[in-house]
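Residue numbers (our numbering), protein chains in the order written: chain A, 1 to 105; chain B, 1 to 492.
Since the hints were derived computationally from the structure, they do not count as laboratory data. Careful, some of the hints might be misleading.
Derived coverage of chain B by chain A (criterion: at least 3 residues anywhere in the stretch with Cβ under 8 Å from a Cβ of chain A; other residues may be distant) [as the list claims (entries may be wrong)]:
1) 86-97
2) 419-431
Not close to chain B: a few residues of chain A, all C-beta gaps over 10 Å, as computed [stated by the list, open to error]:
3) H28
4) S39
5) D43
6) A48
7) Q54
8) D71
9) K92
None of these values were measured; they are calculated from a predicted model. The beta carbon of each residue, even a glycine, is placed where N, CA and C say it ideally should be.
What follows is each chain in one-letter form.
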Amino acid sequence: METQFDDTTNISVDGSMYSLAAIQRTAHRFTGQFWIEISRRDDGFAVALKPRAQATNTDSLRQEFFTALLDESLREQILDQTREIRDTLVRKAFMGAQPARQAEK
Amino acid sequence: MTLFRPREAFQGEAGYALLPFQFRRLADDSPVLLTNDAGEHLWLESDDFLAFAQRRLSPVHPSFWDLESRHFLARKGQPLPLEAMAVQLRSRKAFLFQGPALHIFVVSLRCNHSCRYCQVSREADGPDAHQFDMSLADASRAADLVLEAPAPSVTVEFQGGEPLLAFAVIRHVVEHLEARKAERGKQIKYVITSVLHHLDEDKLAFMAAHHIELSTSLDGPAEIHNRNRPLPSRDSHARTLAGIAQAREVLGPHAVAALTTITKESLAVPEAIIDAYRNAGFHSIFLRPISPYGFAARSKRTDYSVAEFMGFYRRALVHLIRVNLDGYPMDEAYAALLLRSILTPFGHGYVDLRSPAGAGFGAWVYNYDGRVYASDESRMLAAMGDETFCMGSVQDSYEALLTSPAMQLIASAAVAESIPGCSTCAYLPFCGSDPIDSYRRQGDVIGHRPSSDFCQRQTAMLDLLFGMLRRGNPDEMAVFQSWVRRQSLAAD
Numbered sequence: 001m002e003t004q005f006d007d008t009t010n011i012s013v014d015g016s017m018y019s020l021a022a023i024q025r026t027a028h029r030f031t032g033q034f035w036i037e038i039s040r041r042d043d044g045f046a047v048a049l050k051p052r053a054q055a056t057n058t059d060s061l062r063q064e065f066f067t068a069l070l071d072e073s074l075r076e077q078i079l080d081q082t083r084e085i086r087d088t089l090v091r092k093a094f095m096g097a098q099p100a101r102q103a104e105k
Numbered sequence: 001m002t003l004f005r006p007r008e009a010f011q012g013e014a015g016y017a018l019l020p021f022q023f024r025r026l027a028d029d030s031p032v033l034l035t036n037d038a039g040e041h042l043w044l045e046s047d048d049f050l051a052f053a054q055r056r057l058s059p060v061h062p063s064f065w066d067l068e069s070r071h072f073l074a075r076k077g078q079p080l081p082l083e084a085m086a087v088q089l090r091s092r093k094a095f096l097f098q099g100p101a102l103h104i105f106v107v108s109l110r111c112n113h114s115c116r117y118c119q120v121s122r123e124a125d126g127p128d129a130h131q132f133d134m135s136l137a138d139a140s141r142a143a144d145l146v147l148e149a150p151a152p153s154v155t156v157e158f159q160g161g162e163p164l165l166a167f168a169v170i171r172h173v174v175e176h177l178e179a180r181k182a183e184r185g186k187q188i189k190y191v192i193t194s195v196l197h198h199l200d201e202d203k204l205a206f207m208a209a210h211h212i213e214l215s216t217s218l219d220g221p222a223e224i225h226n227r228n229r230p231l232p233s234r235d236s237h238a239r240t241l242a243g244i245a246q247a248r249e250v251l252g253p254h255a256v257a258a259l260t261t262i263t264k265e266s267l268a269v270p271e272a273i274i275d276a277y278r279n280a281g282f283h284s285i286f287l288r289p290i291s292p293y294g295f296a297a298r299s300k301r302t303d304y305s306v307a308e309f310m311g312f313y314r315r316a317l318v319h320l321i322r323v324n325l326d327g328y329p330m331d332e333a334y335a336a337l338l339l340r341s342i343l344t345p346f347g348h349g350y351v352d353l354r355s356p357a358g359a360g361f362g363a364w365v366y367n368y369d370g371r372v373y374a375s376d377e378s379r380m381l382a383a384m385g386d387e388t389f390c391m392g393s394v395q396d397s398y399e400a401l402l403t404s405p406a407m408q409l410i411a412s413a414a415v416a417e418s419i420p421g422c423s424t425c426a427y428l429p430f431c432g433s434d435p436i437d438s439y440r441r442q443g444d445v446i447g448h449r450p451s452s453d454f455c456q457r458q459t460a461m462l463d464l465l466f467g468m469l470r471r472g473n474p475d476e477m478a479v480f481q482s483w484v485r486r487q488s489l490a491a492d
């Protein structure tokens, strides 16, 4: 079922260009000022943003959302490429902080 | 014919791998800020940043070697610099290997003030008020817990109420610890947090003998201080200044530090507050916004927004830099600790701004009634009727307190690296997690960053400092460098 908001900005996102995780992380950044609803569409996702308090400029909100989405997609790519190194690094740095019983294994 | 081979001849094998990093755009047209877990930072123009992140940056680009030396990239064919990065990360999180190093004793709830923003609970002093003093038996047991903590160097802080009203408890704890610290290999620093109205020769002689430092509250000019801290005699400011002078005479010029609490009235007069500190001979000021606890939580007159606070703070910083340039050295303690964290390889260690969180892992609070809390804010919540963060009592073992349900709840939200909104934040290496603040303000320990005052203030503060570092005004940088070279006053 689709919820309709009066002063809602609806944004369509191409699912072949952006992942759901990147869209969710972007949407989360807006949750301080907006109520958010994300729903699946045939070709991607629809994001509905309803202002919690005052009305907002739809065009600038759309631009702001896509700018943030591009950055989140980039973060996702960086994370994918560096996750293994980061895990190794944290293990190496804090090996000595393991509980003694676990470290003995 | 040229003497040297072209730059390209020195580039080595083409291609590189990205190392873990975060990024932030401060404004639409400004360069992009890159940071990594080791606390390194670097700026790239937007186009260069995209080329770098997509692994298209040329090895002869002017920033390439900076990116390599600060561990944002690893050149293809070279071993990954994991050992060096692990050492950097371990240095910044050195507090993790220590356990709780800040031990706060609430020796009494008695107090003669009725401060409108008081963040702690208090009881009026009077004939029956001794029931609000810590018993000597509980004080001994709490001191034994201090000795059990693994940290070789600990700070014991005495708070209240007004701790000087229960000086016998302070004396008992110090003597208990001094008699046993050598066999436990401990170094102990003592601090008393007091309004300094109840000093006398005996107390000062004891403080001098045990190198006890004092921390007091000074809210700026007399009219603001006296309005914030009402006494029937309306002379709180004058009495605190007299106490400062008395303490300095016996303990030395640097034995007293002061904190200011910013109330709504303070917001209009940052310059006057700084000048009042200068006139009182202080070389550091800590501009603290009010915490939403205790009596402060019930007072509308203390309510202001993050934007209002930052407007005040910007003005204060401008004035403070001018004061330094005029030849009077004075830092703002919070900016100094953040700058130290940004500009040196070491973390600030500030217990309120750590990941994993400082509450319980870095600090314990022994309340007057023998209960143990994970932080000062935890016992303030308890005074408001919420015992969620009570770890147990001084009768419990060190291990039982550290594995209590309260600590397990804190641990579930203590690591900022795993919290939504923090995990990919460029300011993560300089910031921390505060599960108790999230719980108090937002109802759960993880909290919601996009609507968090804590996050907004931290972000605004770091935007301000990084913006200034980016501009690189020589006068501002000279002052910042002078602050960084001093030891951070707020770190425990």
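Over 10 Å to the closest beta carbon of chain B is the bar; see if K92/A clears it. violated, 4 Å
Beyond 10 Å from chain B, beta-carbon-wise, is S39/A? S39/A clear of chain B: closest Cβ-Cβ about 21 Å, beyond 10 Å.
Assertion that D71/A lies farther than 10 Å from chain B (Cβ): violated, 7 Å
For the region 419-431 of chain B, does the count of residues with a C-beta closer than 8 Å to a C-beta of chain A reach 3? Satisfied; 3 residues make the cut.
Least C-beta distance from A48/A to chain B larger than 10 Å: holds, 17 Å
Non-interface claim for H28/A, where every Cβ of chain B lies beyond 10 Å: With a cut-off of 10 Å, H28/A comes too close to chain B, as the shortest Cβ separation is near 6 Å.
Can you confirm whether chain A covers the region 86-97 of chain B, using C-beta to C-beta distances below 8 Å and requiring at least three such residues? holds (count 7)
Please confirm whether D43/A is truly not at the interface, meaning its C-beta sits more than 10 Å away from all C-beta atoms of chain B. holds, 25 Å
Could you let me know if the closest chain B CB is still more than 10 Å away from the CB of Q54/A? About 15 Å separates Q54/A from the closest Cβ of chain B, which puts it past 10 Å; holds.
The structure fails to meet hints 3, 8, 9 from the earlier list, while all remaining hints are met.
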